[in-house]
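Participant: Spelled out, the chains give:
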Amino acid sequence: MKRLSTAVILIAAATTARADWQHLNGQEAPSFEVEKWFNPAEGSTIDDLRGKAILLEFWATW
Amino acid sequence: MAISNEAADKVGEFVIANNITYPVGIAKKTEGYGSGGIPHAYLISPDGKIVWDGHPASLSNGAVEKLLRKTKDFYVRKVAPEVKPAAAAFSKGKLADAEKLANAIKGKEGAGREAVADAEYVLARVGATRVAWNGKVENGSKSGVYLDVFDALGKIQKHFAGTEEAQAAAKKLAELKADPSVKLELKASKTLEKLVQQKIGAGRSGKKLDAVRKKVEKFMETYDGTKAAERADLLRNAILKARRN
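Top line first, the protein sequences correspond to chains R and P.
Counting in the numbering used here, the first sequence runs from 104 upward without gaps.
Counting in the numbering used here, the second sequence runs from 98 upward without gaps.
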């Protein structure tokens, strides 16, 4: 229980690169709803993972 | 876990064909993070604060640990003296005890504001853990990955020992283990796992890919109607795609 478990979130973001990533250090991580999971995840929003260290990665298959 | 705004089928094929075992999901509305060059990662501390963002390749294991230490330590937070037994129970994994003790403090007349806030913190941690395990049970059942379901039910049984919740988990676990369709699903998952490895081992060899595809098709016939057969269909599509390239 004490150990920090790390969940890796990959986000396959195919959106065209406009604007830029928000640098949100120190701020609350914005929440978002997940529509479909491919490997079972713990909960359906990022808020369900409170208490875990999360590496959230915006990612694509290409 | 994973999230994508690409087409679900495309991501599903990629996940199975590359034997990705961490959760991968689909999310379309993530504008809170902005958008830009991919890949881009955010490190989020256990209390939900962003502590780092950048290219994932520039993040080492040591950096992860260091960054998390810098943040408020979610696990050794100092609590009001009366909440200490509840916090200790939580850290020992006795979640039912932690919840009971924290609830008692919260409901006690004349309890200090700090103690109530700390008790609420313990309750929130227990609640989040409960949500996480139940989510694993639900998602694992939906996708037919029963090893995850067994794992989560076992944890509920152990860490909420002595409660109705634990009894229900134990009952469900026993039922699932005795269920022939679950047994079939487990057997199918194991076989599919091997086929995924074979697909990866086949590399770009057309001959080998064709051989694996035939095995996958046979698997789909044998295990028709299982969730594993649905996953096998994704693998089959991935092989066909690899064959075309």
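Think of the hints as simulated: they come from the structure by calculation, not from any bench.
Keep in mind that a hint or two might mislead.
Stated by the list, open to error - Only pairs whose alpha carbons sit at most 20 angstroms apart, straight line, appear in this in silico EDC-like list of lysine to aspartate or glutamate:
#, chain 1, residue 1, chain 2, residue 2
1, R, Lys-139, P, Asp-106
2, R, Lys-139, P, Asp-307
3, R, Lys-139, P, Asp-276
4, P, Lys-287, R, Glu-138
5, P, Lys-324, R, Glu-138
6, P, Lys-125, R, Glu-138
7, R, Lys-139, P, Glu-103
8, P, Lys-284, R, Glu-138
9, P, Lys-312, P, Glu-290
Participant: Are the hints correct? Go through all of them and say.
Facilitator: Verification of the supplied hints:
{"no.": "1", "hint": "R:Lys-139 with P:Asp-106", "result": "holds, 11 angstroms"}
{"no.": "2", "hint": "R:Lys-139 with P:Asp-307", "result": "violated, 30 angstroms"}
{"no.": "3", "hint": "R:Lys-139 with P:Asp-276", "result": "violated, 26 angstroms"}
{"no.": "4", "hint": "P:Lys-287 with R:Glu-138", "result": "violated, 27 angstroms"}
{"no.": "5", "hint": "P:Lys-324 with R:Glu-138", "result": "holds, 19 angstroms"}
{"no.": "6", "hint": "P:Lys-125 with R:Glu-138", "result": "holds, 8 angstroms"}
{"no.": "7", "hint": "R:Lys-139 with P:Glu-103", "result": "holds, 11 angstroms"}
{"no.": "8", "hint": "P:Lys-284 with R:Glu-138", "result": "violated, 28 angstroms"}
{"no.": "9", "hint": "P:Lys-312 with P:Glu-290", "result": "holds, 12 angstroms"}
Hint check: violations occur at hints 2, 3, 4, 8; the rest are consistent with the structure.
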